[in-house]
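> Residue numbers (UniProt numbering), protein chains in the order written: chain A, 1 to 326; chain B, 1 to 326; chain C, 1 to 326; chain D, 1 to 326.
Heads up, some of the hints might be wrong.
As the list makes no split between identical chains, a pair holds if one copy fits it or if it spans any two.
[Claimed, not checked] Listed next, the in silico DSS-like pairs over lysine-lysine satisfying Cα-Cα at most 30 Å (straight line):
#1 Lys308 / Lys297
#2 Lys308 / Lys94
#3 Lys312 / Lys297
#4 Lys297 / Lys322
#5 Lys114 / Lys297
Simulated from the structure, these hints should not be mistaken for lab results.
Chain residues, written in single-letter form:
4 protein chains.
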Amino acid sequence: MKKVNNIAVLTSGGDAPGMNAAIRAVVRTGIYHHLNVFGVMYGYKGMLTGEIFPMESKSVANIIQRGGTVLKTARCKEFYEADGRKKAYENLKKFGIDGLVVIGGDGSFKGAQKFSQEFDIPCIGLPGTIDKDIAGTDFTIGFDTAVNTAVEAIDKIRDTADAHDRLFIIEVMGRDAGYIGLHSGIATGAEHILIPERKTNIDDVIDDLQANERRQKMVNLIVVAEGDEFGGANEVARHVQERMPQLDTRVCILGHIQRGGSPTTMDRLLASRMGYAAVDALIGGTSNVMIGIVNNKIQYTPLDKAVKAKQKIDPEWFKIVKILAS
Amino acid sequence: MKKVNNIAVLTSGGDAPGMNAAIRAVVRTGIYHHLNVFGVMYGYKGMLTGEIFPMESKSVANIIQRGGTVLKTARCKEFYEADGRKKAYENLKKFGIDGLVVIGGDGSFKGAQKFSQEFDIPCIGLPGTIDKDIAGTDFTIGFDTAVNTAVEAIDKIRDTADAHDRLFIIEVMGRDAGYIGLHSGIATGAEHILIPERKTNIDDVIDDLQANERRQKMVNLIVVAEGDEFGGANEVARHVQERMPQLDTRVCILGHIQRGGSPTTMDRLLASRMGYAAVDALIGGTSNVMIGIVNNKIQYTPLDKAVKAKQKIDPEWFKIVKILAS
Amino acid sequence: MKKVNNIAVLTSGGDAPGMNAAIRAVVRTGIYHHLNVFGVMYGYKGMLTGEIFPMESKSVANIIQRGGTVLKTARCKEFYEADGRKKAYENLKKFGIDGLVVIGGDGSFKGAQKFSQEFDIPCIGLPGTIDKDIAGTDFTIGFDTAVNTAVEAIDKIRDTADAHDRLFIIEVMGRDAGYIGLHSGIATGAEHILIPERKTNIDDVIDDLQANERRQKMVNLIVVAEGDEFGGANEVARHVQERMPQLDTRVCILGHIQRGGSPTTMDRLLASRMGYAAVDALIGGTSNVMIGIVNNKIQYTPLDKAVKAKQKIDPEWFKIVKILAS
Amino acid sequence: MKKVNNIAVLTSGGDAPGMNAAIRAVVRTGIYHHLNVFGVMYGYKGMLTGEIFPMESKSVANIIQRGGTVLKTARCKEFYEADGRKKAYENLKKFGIDGLVVIGGDGSFKGAQKFSQEFDIPCIGLPGTIDKDIAGTDFTIGFDTAVNTAVEAIDKIRDTADAHDRLFIIEVMGRDAGYIGLHSGIATGAEHILIPERKTNIDDVIDDLQANERRQKMVNLIVVAEGDEFGGANEVARHVQERMPQLDTRVCILGHIQRGGSPTTMDRLLASRMGYAAVDALIGGTSNVMIGIVNNKIQYTPLDKAVKAKQKIDPEWFKIVKILAS
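Bound-form chain A, shown alone (with noise of 0.2 Å):
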């Protein structure tokens, strides 16, 4: 097993809030097991940049509350070829970095995984993405408070259904996965949500509509995630205005408010514990693998299984939801 001495610890992909109070586990962490900790600027591009800086313990003092990444992050197509990789390697070489953490999403972890096969940097995933669509975790960093930021929002927009009996369509995060749509729709008493996981049948919803409005329900929430295959908010109210012009119909887009904010106290603690996970996991010699929290239990899943997943979705909460709504 070859000792770990110097790691660096970036963020890629869309930003979740969470990602500083991983990264700065994975410093302090660092720094208690006496390895200099280093910091990688805009995710990938920044290993090819050489945007690279020493961290200390006090670089990371007082961000584990905010949103965002101080370690920026964005898109770097130059990383998928070998001509950037080589690059990248280069660069942490200049710094006798020999591990390397990543916080992100699946596309990240498909990067990390090739690097390491070329290159001898052991590298450790963190799932930092609001759509909990990752398989090998039951969470990922973010998603409690983009759903939480959903709702807040849906709870005000409920206020003003309520006043004037309308109908509201409400567009949540999820292009590839329900989760935000389905545990926001549930905490907020919507009648409908429509997610990927799950078939969208659009005339059912519209016969619910119809017998609500014969029982003088007016005040309708449909929340529907925005990669639903029936389409998002707008081409839902495109269809329901033609079926039903009566309604009072309104469509939000929640939007990239869903992305920020402070992080709640459970993706705080995920994130520190996945951190803290992560540096053990260079330590101890072991690579290429995503951290996952399991049965409240850490696990271990390699890099090229931590894809994206549709999990299944149990359909008693769908039952849930027509019960409840009720």
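Model the placement of chains B, C and D on the given structure of chain A, informed by the hints.
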């Protein structure tokens, strides 16, 4: 001076946070003065359909902190015709109602004005609108909450803008008035604020973005009021992308979250004070005025002067925006 | 198996955010299964005084997001005597109630257990307590909200601690359990966390504060659970000030804010799922169990085993605290 | 008129939300006018120890939304002695500083006043205190945030008060001024508000609680400013419990959470405008005044008149409190 004995209260037009606090103040002040107080559901519509019910002190318990309006609100075209108003009058008379408090915007005041001219029911208006664009008052019920909601949302977006070095173009409410845009833009350090009260020179915006790009300032926020004469956020984005396709530009339309949520302290105080003053005015024999607050003093404005007012915005604010975002 | 036709629901013990979401789930699931559902006011006290009323779907509209409990809660000594329970039984019988859902803590479960042994009314318990210290479930309704409230408060305190280079000693709720303390302490980067599950060595705390002083680290947070065996925050502060009078030390006792407020997404989901499962259990002929969630699966625990449990806290967390706050 | 070239900014006294927004405004307005701007750490203490450093536009990026103060604050007895001020002056001179902006309370202004009398450095004061009790301004930086924080906390407490039919006695900040108490009490519908500006008649409070008890109104909130002449919340509770031992009475002392947190829109605007005006004043040759806002206009008050002012509170507010909480 005719003695008032039975008053009614309703909310009309778009809902605004603090309307419930105003209803509570009207009800409890009325009861304190030994009046009977009635609630009218769905604004003027409830006057026509007779959805009128007696309210007690308990009817408004624990609502001061709630968004929306417990009396609901709706549009009502019939009320803008003579026959409709006659029907409304007859319904009020069934309950012996001899005074009316209307919480809403300038459109609602026009209706009240007309109604009280035709019939012998004095009306008092309370400015309830998030837009803060009514002549005769420094503040409207709901504005402070709406602008704080916008600011919290934009703060979250800035986390992401910062993480990615992005330009965000954010649309806030304000079809005719730019106050939400102006205040939220200053409070979040927006680089540009586009509002209806000021001609938008898009070329200046582009020049400035280009200057920022040259000095590596890539994080930029542009706040656009929906009523800006150049168009909303999407239109601005279309233009920016045409001229600066290299920028990572995103659009967020905050939408209806700005109408809901628990009112701020200021909106609760404003609503409480205005509701109290409304009953005071009715008892004192005043009628057909809107209650305003000017320089922290209650001020009456005749309902027909309480129109949508494009208040002059001090040009110094634009200088401050420019300097502080630099 | 006896068929259940009329069920009642009540909240008992200290209130916890999410209780309303649980009530809503019980009521609507009951109605879905064609049961009559009754609400009991003020916990067991309402069973004795007969404050029992039929609930409809509408009775629980728009409460999923509210803190507190619409059914109120109270202590009731009489119920812990045979005569009291007999009276309670007779009142339930007047309404034909043949099933009972009790949302509360372990004390409330003991009452339910006793009651169902004496009379033929099956009881189901739902763990509603902010302390997360009930055997047979990984989470309790209210914990996630309480800990997030504590974290938001401590975040604010850190702003001041940072501005002044101060030591803050912050007391959070938890008479018998340290989960709120542990989670909020980690999430806010507290330097020390004192909880009942772990012996507090105050000399170690002082040593550490002195070491921090030597290296000019003057901002320190100590989070203390009210039930820590050394004493609460005031006792800790007294000791620190005696030994280190030169420090600028302040005490904050967060107190009852931790019980209220709109429930988080997680608490709403947990409460919805558990309320649904409670009715399911009653219909299925199960009785005298508490509904818990273990490893994300519903699990039944006999009411007499659902006692206050000092769960073993993984010692690794204390290592993480020490490392990450360094 | 002497030209100003190099200015310094510091924060002094208790921290208040919005101080960072004010620092940002001073720095960027200074730079815009081609001044060199320096930051002084730890208030006057940093002037004595020479902790003075040049600030750029970037130094204040992304701080407008942060609580606390990036320049930190501290008490400094030495500055209130002639020798201390001399030393401070010499340190400023090393940097060529010829203008000073002091963000703080009336105590800090006295120091600035004295300093500028002895030495040729013009000083401008900005009122930064959560207490809103400075003569010469309608608002102080931090007040709006503090009062909203108190209101959010009391809203949560009301959830519990309501669930349990309890009396809560809540202490808010305000050693000399009752504005936080008055505004938060009205906004949360408190039954009684005890503040230093008004003699507390505890017998009236007891009478009223007894009257409420007779009519079964058991939920009561009493908001007490810490500086009320009768004593704080504990003293009030002691008295109530003596006279009405049957009540379920609880005390909450909100404490330091009221100082921290992200500033509200109003505090950010106020701070931005005042910071801008401070530099404007220095450039214009004005010195030794505090910048205030009166009736929405900038107003200068000589530093020695900008003292703690027990502003007269309109007695009508107390009538409103009594009526609306009924």
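> Indicate, hint by hint, whether the structure satisfies it.
The hints, checked one at a time:
no.: 1; hint: Lys308 / Lys297; in the structure: both (20 Å within a copy, 23 Å between copies)
no.: 2; hint: Lys308 / Lys94; in the structure: neither (33 Å within a copy, 56 Å between copies)
no.: 3; hint: Lys312 / Lys297; in the structure: both (21 Å within a copy, 15 Å between copies)
no.: 4; hint: Lys297 / Lys322; in the structure: between (33 Å within a copy, 20 Å between copies)
no.: 5; hint: Lys114 / Lys297; in the structure: within (27 Å within a copy, 37 Å between copies)
In terms of the numbered hints stated before, the structure departs from hint 2 and from no other.
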